[in-house]
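Asker: In case you want the letters, here they are:
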Amino acid sequence: MNLHAVSVVYHKELTEWVRDRRTLISTVVVPLLLFPVIILGFSYLAVTLVGKAEKEIPKIMIIGGEDSPQIVGALQKIDTLKIVPYAGDWKNQISEKEIRAAVDIPPGFQGSLEKNEEKTVTIYFYEGEIKSSFGAEHIEKSLKDYRDQVVKDRLAAKSIATTVLTPFAIKQQNVAPPEKVSGATIGGFIGYLVILLCMTGAMYPAIDLTAGEKERGTMETILSSPVSRTDLVLGKFLLVLSAALATAALSVLSMGISFAAMRYFNPVGQSGRGETAALILQLGPKPVLLIFAMALPLAVFFAAALMTIALFAKTYKEAQSYLTPMTFLVVIPAVASLLPGVELTPKLALVPILSTSLVCKEIIAGTYHWNSIGLIFASTCVYAAVALLLAVKMFQREDVLFRS
Amino acid sequence: MIETRGLVKLFKDKKRGEIRAVDNVSFTCSPGQIYGLLGANGAGKTTTLRMLATILEPSDGTAMVCGHDVVEQPQKVRAHVGFLSTATALYPRLTSQEMVEYFGRLNGLREADLNKRVAEIFERLDMNSFRDRRCDKLSTGMKQKTSIARTLVHDPPVMIFDEPTLGLDIMTARTIIEFIRECRQRGKTVIFSTHVMSEVEKLCDVIGIIHNGKLLAEGPLAELRRKHSENDLEEIFVKVVGPLYANAEA
Chain A
1 MNLHAVSVVY HKELTEWVRD RRTLISTVVV PLLLFPVIIL GFSYLAVTLV GKAEKEIPKI
61 MIIGGEDSPQ IVGALQKIDT LKIVPYAGDW KNQISEKEIR AAVDIPPGFQ GSLEKNEEKT
121 VTIYFYEGEI KSSFGAEHIE KSLKDYRDQV VKDRLAAKSI ATTVLTPFAI KQQNVAPPEK
181 VSGATIGGFI GYLVILLCMT GAMYPAIDLT AGEKERGTME TILSSPVSRT DLVLGKFLLV
241 LSAALATAAL SVLSMGISFA AMRYFNPVGQ SGRGETAALI LQLGPKPVLL IFAMALPLAV
301 FFAAALMTIA LFAKTYKEAQ SYLTPMTFLV VIPAVASLLP GVELTPKLAL VPILSTSLVC
361 KEIIAGTYHW NSIGLIFAST CVYAAVALLL AVKMFQREDV LFRS
Chain B
1 MIETRGLVKL FKDKKRGEIR AVDNVSFTCS PGQIYGLLGA NGAGKTTTLR MLATILEPSD
61 GTAMVCGHDV VEQPQKVRAH VGFLSTATAL YPRLTSQEMV EYFGRLNGLR EADLNKRVAE
121 IFERLDMNSF RDRRCDKLST GMKQKTSIAR TLVHDPPVMI FDEPTLGLDI MTARTIIEFI
181 RECRQRGKTV IFSTHVMSEV EKLCDVIGII HNGKLLAEGP LAELRRKHSE NDLEEIFVKV
241 VGPLYANAEA
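Those protein sequences? They're chains A and B, same order as listed. The first sequence stops at residue 404 when you use our numbering, and every number in between is there. The second sequence stops at residue 250 when you use our numbering, and every number in between is there.
The shape of chain A in the complex, shown without the other chains (with noise of 0.2 Å):
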């Protein structure tokens, strides 16, 4: 192996590749822009969403209660709903959005209160439909108040504390660290995401670098040149491997200020994203840098193995075929690994890429098991080795290279 060769080769695919805009698109604005975009925009929008219906009084229709007027009087009271007259049609009203909701007070109610006999009073609503959730939850905390004033009141006319339904409180509290819990939810995802990525960064240099190249006929020219093949194998996959890695670092960067440009914009946070900008931020250099470190023999293993494969084909189209099908055999295992009650056992550890997801999951919740760490790392380094080797030999082959 003649290191300056591979480094000649390394600089010219590398000038190639960052003058390339279908590279830049993919591998720099995709995860630099889009990801903010999609997240910020997403979840602006959802925030605008929920907070405008919030905020809306709801219009709602009180079906019967002639002959209960003091709880008819309380909700008429409540400043955040809008009684509107009852009208026949009330369930079409709610389908059409006119009210948002309807609730039905069953006849003798106040006369049944007094006798101590339950009865059962019904809120009507559209589910599915966010506007008629906020209408139904607000007459149901208001039905809950006067039910509450209603039991205070019979325990006062008894002489009985209020302390006497709640005999002793109950109280759940988290002993695990803050990155173990978040670890537990979303860390299986970002394991994923990295291996993903590094897939999806190698997959269009793997093709350009390969079959893109015996399509432009450069090929032979580059053939003709005392490089030998290994080191023009290496060279290029040098680069496919610096692709990969890029992409998933940038990614998971753009990734990170996303969601804490989104934290510090809400920080309230809704569908509990805020948690993910938390981790993100919490995580700190070790075990982010231990997650490349294990995503590293698998990228050099997406990178050589794309190559092997992309190498086959005769155009840039041919290998697309050949390699899109490749992104499920490496999205199941790696989604396998989100799965609930997958975890990590030697056996699993010999299986490429889910082992890799898998380990990542249980460094990002904090947990270091070294002994799987070691071995995930090892395996994977031989299976990468075993592709790379592949490769070097498939540049040997005549029937590959001049495939007609």
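It is possible that part of the hints are untrue.
Unchecked claim - Where chain B lies over chain A, by a calculated footprint (3+ residues, C-beta under 8 Å):
#1 5–13
#2 16–26
#3 219–229
Derived by calculation from the structure, the hints in this document are not laboratory data. Quick reminder that beta carbons are idealized off the backbone N, C-alpha and C, glycines included.
Given the coordinates of chain A, work out where chain B should sit on it, guided by the hints.
Answerer: Here is chain B on its own, set in the frame of chain A:
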């Protein structure tokens, strides 16, 4: 100096079985000489030249290029050869200068020598006006000049041209023909394949007629004319290849 000794190249084809693309080809080409390999499409010209450039490995036999064996020392052979064909394209996203420099570095030139050499070639081939232009933005003529500069950057003693004028317009083809002549003047060993008779008549010192992978006739043009009692090269070619061609068609 090129010396081939019983070169053979076999290809395996699923439908046609084993194909003898080059069959026991032996010839010699000396410095300051242009050897023209003349043959129809599929005759075995490209495969022969690819073996000389060590892009393909011979199935049997061998060749010596500047004293180096194409089978044993392929890298050393490539360091002494400049290979140009219509299939040797340029990297679209490199500039003309970067393309030439890349091959200079792969040939082990030091930066100071490389800069001097590139400046000299660009001046000689009148390429300075487009040296910083990307190869995908070059005209056909500019591309050919860049390809020539690429083959010359390490000043190889042996030049191999595989149908270098195929598909080119007259003016660009003339540039190539002039360049090949210049190589001979500079004492390089030149081997050149074509199926264009006029190019062979204009350029070649020795002609080899190849068909179905076999070298059927060889010698200077005057000798071939005398031997076959024909003045026109096309007629000589038909006399040599014709009977075999007819048999193959039948």
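Asker: Each hint: holds or not?
Answerer: Status of the hints after comparison with the structure:
1. By the rule of at least three residues with a Cβ nearer than 8 Å to a Cβ of chain B, the coverage given for the segment 5–13 of chain A holds, with 4 such residues.
2. Using a Cβ-Cβ cut-off of 8 Å, 3 residues of the segment 16–26 of chain A lie near chain B, which meets the minimum of three, so the contact claim holds.
3. Given a C-beta distance limit of less than 8 Å, the hint that chain B covers the segment 219–229 of chain A holds, as 8 residues qualify and 3 suffice.
Of the numbered hints listed earlier, not one is contradicted by the structure.
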